[in-house]
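Now for the letters of each chain:
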Amino acid sequence: MIRLSIPLRQALSRLSLPVLVALAFGTMLIGKADTLLVERARMALSDTLAPIYAVVAEPLGAVRDAVQEAHALWAIRAENLRLREENERLHRWQAAALSLDAENALLRRQLNVIPEAPTSLRTARVVADAGGTYARAVLLALAPGVEIRKGQVALDERGLAGRVTEVGSRSARVLLVTDMNSRIPVTLEGSRARAILSGTNGDNPRLQHWPEGTRPQEGERVVTSAEASVFPAGLPVGTVHWTEGGTAEVQLFARLDRLDVLRIFDFGLSGILPPESVARPEPRPRR
Amino acid sequence: MAIKGRPEPAPGLLRRLDALARAAFPAATTALLMVLVAAPVGLPSALPAVTLACVFFWSLFRPAAMSPVVCFVLGLLQDLLTFSPLGIGVFTMLVVHGLVLRLRRLLARQSFLLVWLSFAGFAAGAALLGFVLQAVLNWRLPAFWPALVQFVLCVGFYPALAAMLTPLHKAMQRAEDLA
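Sequences listed follow chains A and B, in order. Just so we're aligned: the first sequence equals residues 888 to 1174 in the numbering used here. Just so we're aligned: the second sequence equals residues 384 to 562 in the numbering used here.
Heads up, a few of these hints could be off.
Pairs of lysine to any residue residues, derived as SDA-like cross-links and limited to a Cα-Cα distance of at most 25 Å, are as follows [unchecked claim]:
1. A/K919 with B/V535
2. A/K919 with B/L489
3. A/K919 with B/K553
4. A/K919 with B/N521
5. A/K919 with B/L463
6. A/K919 with B/P468
7. A/K919 with B/P446
8. A/K1037 with A/R1150
9. A/K919 with B/L403
For the chain A half of the interface with chain B, some residues (derived, Cβ under 7 Å), not all of them [claimed, not checked]:
10. L902
11. S903
12. A911
13. T914
14. A928
15. R929
16. M930
17. L932
18. V943
19. P946
From the derived model, a few chain B residues whose C-beta atoms are all more than 12 Å from chain A [unchecked claim]:
20. L397
21. L469
22. H480
23. R492
24. V538
25. A545
Because the hints were derived from the structure by calculation, they are not lab data. This one's a predicted model, so the numbers in the text were calculated from it and none came from an experiment. All C-beta atoms in this analysis are idealised placements derived from N, C-alpha and C, irrespective of residue type, glycine included.
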């Protein structure tokens, strides 16, 4: 270390600032005059610092990854909602496509088909579960003026839910397909075999009475059959599932445990006789 | 500050190293901080803000360790790390350093809030100076936004930096008092 006298040091320290300011102007001039030199200096500095940045980049990258992960996790919620919605929509489309497919196959087999009568549709809100004589039934609230008849078909957004059994002026009761009293003629879509879907009061109704030799396949789609002219053919019902006990059940497309709005279709069918006529059969005309 | 009646211990190697470390600490930390801040992380560069805040803080509270030469080097480092015309940072740092030294007697005793306010004034001045110098050096009116952003960043960064540097400064002061 160079030892300097105190006055000289003071003078130097007082002088250093102006000198350095002058030097700063000098650097400005150099920066303007010789851009190549500045460029080279910058690159030299960058080269020196590059290893440091490489080391720093590791934890920074980790932090950034964590932040992105958090963002992604946060986005998953919205994504999930979107996907669920999309799934819902696609389910509907799948049902449409499959039923069209089945219809197409049917039409191909027999030409000259008379088109079915156009359907009309009402939607009604489900206001209560159960009640009434049935274990598995829902009550619909109807707007005044909405006309609903007994025997009309109720579907939720995915598939068959049940049948209208009682109609009041402002409400209607729908017997769900899971109820013990429900018997519905169905078709196994793969084999076109007819069967009966009978409710058990459990979540999945059973398949019964399929013709011998055409065992329902696991996962096979089940659609309604027009057999008793209660339902139109081809409404989606569910898929076949064999239980461990060896009974054929149908896993329904419709989500009967969370019904909120049902679509009531009028297919113009009159397969169900009004109860009055069942109770009092009309006398046979005398010959 | 030696207590009377106690002999001054001979300056040994460790003691001298300690003093040297203390003297070099502000400049070294500032340079390190600048390099870290300049790391490409995808954030808007807070480099001028950090440099200005450090130079201001150390010039105010520890001028012995923040000499004009150190300011010059730090300014040059800033100019080389950013892509502004060479010399602007150097000049700005020297001006800030000189002004702070002038106002030191007045500012060093004030509360943090007042110091911060005065720093905001310095930041505004520095941003304006940078704007003017860029306009002159490039002979073209630069955009106004960067200067404003720089000013806001400066003012915003200062409390955090001060909170970080004040304990260090206090610790060094305590060490010096003990020695």
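Each hint tested on the structure:
1. Under the criterion of a C-alpha separation no larger than 25 Å, the hint pairing A/K919 with B/V535 is inconsistent with the structure, at around 29 Å.
2. In summary, the hint linking A/K919 to B/L489 is not supported, as the alpha carbons are separated by about 38 Å, beyond the 25 Å threshold.
3. Using a Cα cut-off of 25 Å, the hinted pair A/K919 and B/K553 is violated, with the two alpha carbons roughly 42 Å apart.
4. A C-alpha spacing of about 9 Å is found between A/K919 and B/N521, which places the hinted pair at or below 25 Å, so the restraint holds.
5. Between A/K919 and B/L463, the direct Cα distance comes to roughly 14 Å. Compliance with the 25 Å bound is thereby established for this hinted pair.
6. Annotation: proposed proximity of A/K919 to B/P468 holds, straight-line Cα distance about 8 Å (limit 25 Å).
7. Our distance criterion of 25 Å between C-alpha atoms is broken by A/K919 and B/P446, whose separation comes to about 32 Å.
8. Of the pairs offered as hints, the one joining A/K1037 and A/R1150 holds, with about 14 Å between alpha carbons and a cut-off of 25 Å not exceeded.
9. Restraint check for A/K919 and B/L403: the C-alpha separation of about 37 Å exceeds 25 Å, so the hint is violated.
10. Violation of the interface hint for A/L902 is found here, the shortest Cβ-Cβ separation to chain B being roughly 10 Å, above the 7 Å cut-off.
11. Because the beta carbon of A/S903 sits about 5 Å from the nearest beta carbon in chain B, less than 7 Å, this interface hint is met.
12. Hint status for A/A911 relative to chain B: holds, with the closest Cβ pair at about 4 Å, below 7 Å.
13. For the restraint placing A/T914 at the interface with chain B, the shortest Cβ-Cβ distance is roughly 4 Å, inside the 7 Å limit, so the hint holds.
14. Because the beta carbon of A/A928 sits about 6 Å from the nearest beta carbon in chain B, less than 7 Å, this interface hint is met.
15. Hint status for A/R929 relative to chain B: holds, with the closest Cβ pair at about 5 Å, below 7 Å.
16. About 10 Å separates the beta-carbon of A/M930 from the nearest beta-carbon of chain B, more than 7 Å, and the hint is not met.
17. Checking A/L932 against chain B by beta carbon gives a least distance of about 5 Å; that is within 7 Å, so the hint holds.
18. Restraint check, A/V943 versus chain B: the minimum CB separation of about 5 Å is within 7 Å; hint holds.
19. The restraint placing A/P946 at the interface with chain B is violated, with a minimum CB-CB distance near 11 Å, outside the 7 Å limit.
20. Annotated as non-interface, B/L397 keeps its C-beta farther than 12 Å from every C-beta of chain A; the closest such distance is 17 Å.
21. In this structure B/L469 is not separated from chain A by more than 12 Å, as the shortest Cβ-Cβ distance comes to only about 3 Å.
22. With a minimum CB-CB distance of about 7 Å to chain A, B/H480 fails to clear the 12 Å threshold, and the non-interface call is violated.
23. Against chain A, the non-interface label of B/R492 holds: every CB pair exceeds 12 Å, the least being about 23 Å.
24. Once the 12 Å rule is applied to beta carbons, B/V538 is consistent with being away from chain A; the minimum gap is 24 Å.
25. Annotated as non-interface, B/A545 keeps its C-beta farther than 12 Å from every C-beta of chain A; the closest such distance is 24 Å.
The structure fails hints 1, 2, 3, 7, 9, 10, 16, 19, 21 and 22 (numbered hints given earlier, in ascending order).
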